[in-house]
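Going line by line, the protein sequences match chains Z and X.
Under the numbering used here, the first residue of the first sequence is numbered 1, with each subsequent residue one higher.
Under the numbering used here, the first residue of the second sequence is numbered 1, with each subsequent residue one higher.
Worth flagging that the hints you see were computed from the coordinates, not collected in a lab.
Note that the coordinates shown come from a computational prediction; the quantities given were computed from them, not determined experimentally.
Treat the hints loosely; a few may be bogus.
[What the hints assert, rightly or not] Covered stretches of chain Z (in silico footprint by chain X; criterion: 3 or more residues with CB under 8 Å from a CB of chain X, positions within the stretch not fixed):
no.	stretch
1	77-88
2	125-132
3	136-143
[Unchecked claim] According to the in silico footprint, chain X covers these stretches of chain Z (three or more CB under 8 Å from chain X):
no.	stretch
4	63-74
5	220-228
6	378-390
[Stated by the list, open to error] Quick list of in silico lysine to any residue cross-link-like pairs, SDA-like style, CA-CA up to 20 Å:
no.	chain 1	residue 1	chain 2	residue 2
7	Z	K259	Z	G293
8	Z	K53	X	K221
9	Z	K125	X	G274
10	Z	K184	X	G126
11	X	K67	Z	G304
12	X	K125	Z	A173
13	X	K221	Z	A56
14	X	K184	Z	A124
15	Z	K53	X	T222
16	X	K58	X	G274
17	Z	K67	X	G57
18	X	K125	Z	K67
19	X	K67	Z	R168
20	Z	K125	X	A181
21	Z	K221	X	A56
22	Z	K184	X	C122
23	X	K227	Z	T99
24	Z	K221	X	A181
25	X	K158	X	H147
Just so you know, even glycine gets a beta-carbon here, dropped at the ideal spot from N, CA and C.
Letter by letter, the chains look like this.
Number of protein chains: 2
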Amino acid sequence: MNETKARAEDPKQGKIEPGSQDTSLKAAPTRRASGRKKVVIVGGGFGGLYAAKSLAGKEVDVILIDKKNHHTFQPLLYQVATTVLSPGQIASPLRTVLTHADNVEVLLDELVGIDLEQRHVCLAKGDVISYDYLVLAAGARHSYFGHDEWEEFAPGIKTLEDAIHVRRQILLAFERAEREAFLKEGDDNLSFAVVGGGPTGVEIAGAIADIANRVVAPDFKTIDTRKTRVMLFEAAPRILGMFPEDLSQKAKVQLEQLKVEVLTDSPVETLEAGRIKVKGEWIPVRVIVWATGVSASPIGKMLGIEVDKAGRVPVQPDLTLKDRSEVFVIGDMSSLKDTAGVQVPGLAAAAIQEGAYTAKNILADLAGEARRPFTYKDKGTLATIGRNRAVALFGKVELSGFAAWLLWALVHIYLLIGFRNRLTVMREWIWSYITGERSARLITGNDV
Amino acid sequence: MNETKARAEDPKQGKIEPGSQDTSLKAAPTRRASGRKKVVIVGGGFGGLYAAKSLAGKEVDVILIDKKNHHTFQPLLYQVATTVLSPGQIASPLRTVLTHADNVEVLLDELVGIDLEQRHVCLAKGDVISYDYLVLAAGARHSYFGHDEWEEFAPGIKTLEDAIHVRRQILLAFERAEREAFLKEGDDNLSFAVVGGGPTGVEIAGAIADIANRVVAPDFKTIDTRKTRVMLFEAAPRILGMFPEDLSQKAKVQLEQLKVEVLTDSPVETLEAGRIKVKGEWIPVRVIVWATGVSASPIGKMLGIEVDKAGRVPVQPDLTLKDRSEVFVIGDMSSLKDTAGVQVPGLAAAAIQEGAYTAKNILADLAGEARRPFTYKDKGTLATIGRNRAVALFGKVELSGFAAWLLWALVHIYLLIGFRNRLTVMREWIWSYITGERSARLITGNDV
Chain Z
1 MNETKARAED
11 PKQGKIEPGS
21 QDTSLKAAPT
31 RRASGRKKVV
41 IVGGGFGGLY
51 AAKSLAGKEV
61 DVILIDKKNH
71 HTFQPLLYQV
81 ATTVLSPGQI
91 ASPLRTVLTH
101 ADNVEVLLDE
111 LVGIDLEQRH
121 VCLAKGDVIS
131 YDYLVLAAGA
141 RHSYFGHDEW
151 EEFAPGIKTL
161 EDAIHVRRQI
171 LLAFERAERE
181 AFLKEGDDNL
191 SFAVVGGGPT
201 GVEIAGAIAD
211 IANRVVAPDF
221 KTIDTRKTRV
231 MLFEAAPRIL
241 GMFPEDLSQK
251 AKVQLEQLKV
261 EVLTDSPVET
271 LEAGRIKVKG
281 EWIPVRVIVW
291 ATGVSASPIG
301 KMLGIEVDKA
311 GRVPVQPDLT
321 LKDRSEVFVI
331 GDMSSLKDTA
341 GVQVPGLAAA
351 AIQEGAYTAK
361 NILADLAGEA
371 RRPFTYKDKG
381 TLATIGRNRA
391 VALFGKVELS
401 GFAAWLLWAL
411 VHIYLLIGFR
421 NRLTVMREWI
431 WSYITGERSA
441 RLITGNDV
Chain X
1 MNETKARAED
11 PKQGKIEPGS
21 QDTSLKAAPT
31 RRASGRKKVV
41 IVGGGFGGLY
51 AAKSLAGKEV
61 DVILIDKKNH
71 HTFQPLLYQV
81 ATTVLSPGQI
91 ASPLRTVLTH
101 ADNVEVLLDE
111 LVGIDLEQRH
121 VCLAKGDVIS
131 YDYLVLAAGA
141 RHSYFGHDEW
151 EEFAPGIKTL
161 EDAIHVRRQI
171 LLAFERAERE
181 AFLKEGDDNL
191 SFAVVGGGPT
201 GVEIAGAIAD
211 IANRVVAPDF
221 KTIDTRKTRV
231 MLFEAAPRIL
241 GMFPEDLSQK
251 AKVQLEQLKV
261 EVLTDSPVET
271 LEAGRIKVKG
281 EWIPVRVIVW
291 ATGVSASPIG
301 KMLGIEVDKA
311 GRVPVQPDLT
321 LKDRSEVFVI
331 GDMSSLKDTA
341 GVQVPGLAAA
351 AIQEGAYTAK
361 NILADLAGEA
371 RRPFTYKDKG
381 TLATIGRNRA
391 VALFGKVELS
401 GFAAWLLWAL
411 VHIYLLIGFR
421 NRLTVMREWI
431 WSYITGERSA
441 RLITGNDV
């Protein structure tokens, strides 16, 4: 154990005299230092949380570090942005999820450095924590393909704060249109752009159309929100590229039923506040939502090895760094072709499998057993399109329309972390389905 | 109607040529200009919202202006700050509440000026709206008695944003204590100060004690949150000064059962980040919540008449300005001794009565009937103290303990705007009562 050394190196901790090293072991970071192996997990998303859950009650000391106090159920974040669900319904405090895991300590802090030689990590508040095993699971954000300045005008949805921000933008767009129409008889053109025709973009575009056509329509007295224009821009020749072509086509038809304009072969050339340039033409839009590209956590770059274009860390078949079998990199942060030669996709399902698998390998080490390489189990892919509509692919089985949508709802309810959240989300969906109401239509924040 | 003039005066609108005045009437702000009297209501709190609701479907055109898109149920804001309820459960979009009120237009904007002579108001985005009747109902915030610099370190709870901010502070205090105790074996002293022993202060202090003793206790593995110190500071010799002395005493006993230290005769001398000075002594505290003092909306000062120390506007018995019978000032913004000589209190119940009363007088004008002076109907006063505990006063009837608490819960459920919210809040309370769980324990915001 090298906590003493780690502390001595940390300038904020002050020097520890050589003679005091023995006693300082008692004051080491773990406090409950038990002689057991120490596993430090960075990130409380799907990968990190499932690793921690799989290690709960085992003969290891686990420290889970996250910037946020909650796990966010990312597949439903877009429903917060589109007023279906409230933030509290898709997020659970990490402490609460892990309340019965006596060997797991949760720390609200941020990783700022890793020393692979000394086996310790440095935290933003100046502390240093040693590890026997390190699990890096800090996820990814959207990539703006070298145009980070676009983010201000075209936010993505990766955190609760992002989702609340986008919800705010969407609702304010209607408010502003109403205001202009009422006071100035002005332009009440309402246009939304969604960039990226993957599952997220498709879900957001469908949900915005649903808000405009159904949810807010009765509440606005001057504008007709059903005249809202929703455009979905996709650079490739078709949306939902990971699905077979006929499902892409079905998704397109379903989006068009919701009056979404599906614009394929339409890469965004540039954008700024209130407009977006596609195929040489500037299109005025009130809100742009970004839903494409992957940019892995900058933590990957701290490792001093070459990462891929998206910032993902290449890993060994057991998800560890080359020559560092104690360092696992999982979820959206890492890049792996598994034993079957399949590139593991950046999905919640994959991160969950990797988290559980990592825990299993750590326990195998402790039991003196051999590790096994990771194999991704494809349990199917789903994309929902507004209310009642979806496409799904399970191996060779394709589904679309209401059946796919129902399946989508059931799968997401099942996966939701925390019994409580499952109940409230299910109730919310049923209520919203029956009444068409939305409970989460608050604009919070300070400027009008 | 003088929209034309108003517009011409507004520098942002540009000049309108004299000859164009006739046609510009059509382009006037109301759009649906009907020849009917126009009522402009500023503020969507209890006063403004009940005025608008009481005018719904009547022969007037109503414009309700608010900086926020939602009505906030202020009496339960402290429950958002203390993790019982989610923001969406105590707030409803104003548009949704007024969806069936075809003659009420809601505008998201901010009042920046009033011209009582010309009878128009100026909005932050540069528009000018004329009125036949003006209802000012913009509420109040807490007062820091000339020390506005304290607000940064001792936030009050008047808006959803405030409540989310305080919730964040409270939850972060526990996170930081756990972090320090785990990593540094350092000071895990957890102290909270609540300033002001009125109903709000009593409710917050009780609720924080409840969080520490019951809600988060099982989730923290290094610190014992039940050792949390909650101090309630009151300048007067007793808390809940508006109640009879024996109820104040009962409230004190109930708070002490929750391990809240009730410190009366203890005005705050000064405070800064992390400490508060009382009776010459600096007391270290992790969080300070401010719950005293009234500072009425600055809109009162735009009227060019003398306001009282708290910024409240003195009004005539019919709640109007002297010599301006078309301008009503209601709710926490105004100050009135009613016909019975009673100073109308700054309570939701009073604002609701004043809003409904104002609408009635406007309709009386239109019907050529005489106005009646306002009389406040005291329907009782309640203060809750954590779970199961409360004090209540109805005329001469006093209640305390569980019976008062149950009554408090029923009254607040009944008053909640919107059928939907009533259901979800009731369900949340019942769930939280039975399980001791809290659903709203998210820390949102960006810094750790």
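So, going through the hints one by one against the coordinates:
1. Only residues whose C-beta sits within less than 8 Å of a C-beta in chain X count toward coverage, and the stretch 77-88 of chain Z has 3 of them, enough to reach three; the restraint holds.
2. Counting residues of the stretch 125-132 of chain Z whose CB lies closer than 8 Å to any CB of chain X gives 3, so the stated coverage by that chain holds, three being the minimum.
3. Residues of the stretch 136-143 of chain Z with a Cβ under 8 Å from some Cβ of chain X number 0, which does not satisfy the need for three, so the listed coverage is violated.
4. Only residues whose beta carbon comes within less than 8 Å of a beta carbon in chain X count, and the stretch 63-74 of chain Z has 4; three or more means the coverage holds.
5. Here's how the stretch 220-228 of chain Z fares: 3 of its residues keep a CB closer than 8 Å to some CB of chain X, so the rule of at least three is met and the hint holds.
6. Counting residues of the stretch 378-390 of chain Z whose CB lies closer than 8 Å to any CB of chain X gives 0, which falls below the minimum of 3, so the coverage claim is violated.
7. Between K259(Z) and G293(Z) the alpha-carbon distance is near 25 Å, which puts this suggested pair outside the 20 Å criterion.
8. Taken as a hint, the K53(Z) and K221(X) pair is honoured in the structure, with Cα atoms around 16 Å apart against an allowance of 20 Å.
9. For the suggested pair K125(Z) and G274(X), the alpha carbons sit about 18 Å apart, so the restraint of at most 20 Å is met.
10. With a C-alpha separation of about 11 Å, the suggested pair K184(Z) and G126(X) falls inside the 20 Å cut-off, and the hint holds.
11. Between K67(X) and G304(Z) the alpha-carbon distance is near 50 Å, which puts this suggested pair outside the 20 Å criterion.
12. Restraint check for K125(X) and A173(Z): satisfied, since their Cα atoms lie roughly 15 Å apart, inside the 20 Å limit.
13. Restraint check: the Cα-Cα separation between K221(X) and A56(Z) comes to about 14 Å, which is no more than 20 Å; the hinted pair holds.
14. Between K184(X) and A124(Z) the CA atoms are separated by roughly 15 Å; this keeps the pair inside 20 Å, and the hint holds.
15. With a C-alpha separation of about 19 Å, the suggested pairing of K53(Z) with T222(X) holds against the 20 Å cut-off.
16. A hinted pair counts as satisfied when its Cα atoms are at most 20 Å apart, and K58(X) with G274(X) does not qualify at roughly 54 Å.
17. Restraint check for K67(Z) and G57(X): not satisfied, since their Cα atoms lie roughly 51 Å apart, outside the 20 Å limit.
18. Between K125(X) and K67(Z) the CA atoms are separated by roughly 37 Å; this puts the pair beyond 20 Å, and the hint is violated.
19. Of the supplied pair hints, the one linking K67(X) and R168(Z) holds, its CA atoms being roughly 14 Å apart against a limit of 20 Å.
20. About 14 Å separates the Cα atoms of K125(Z) and A181(X), which keeps this hinted pair within 20 Å; it holds.
21. Taking the CA atoms of K221(Z) and A56(X), the gap is near 14 Å; set against the 20 Å cutoff, the hint holds.
22. Of the pairs offered as hints, the one joining K184(Z) and C122(X) holds, with about 14 Å between alpha carbons and a cut-off of 20 Å not exceeded.
23. Using a Cα cut-off of 20 Å, the hinted pair K227(X) and T99(Z) holds, with the two alpha carbons roughly 19 Å apart.
24. The straight-line distance between the Cα atoms of K221(Z) and A181(X) is roughly 56 Å, outside the 20 Å bound, and the hint therefore fails.
25. Restraint check: the Cα-Cα separation between K158(X) and H147(X) comes to about 18 Å, which is no more than 20 Å; the hinted pair holds.
The earlier numbered hints that this structure contradicts are 3, 6, 7, 11, 16, 17, 18, 24.
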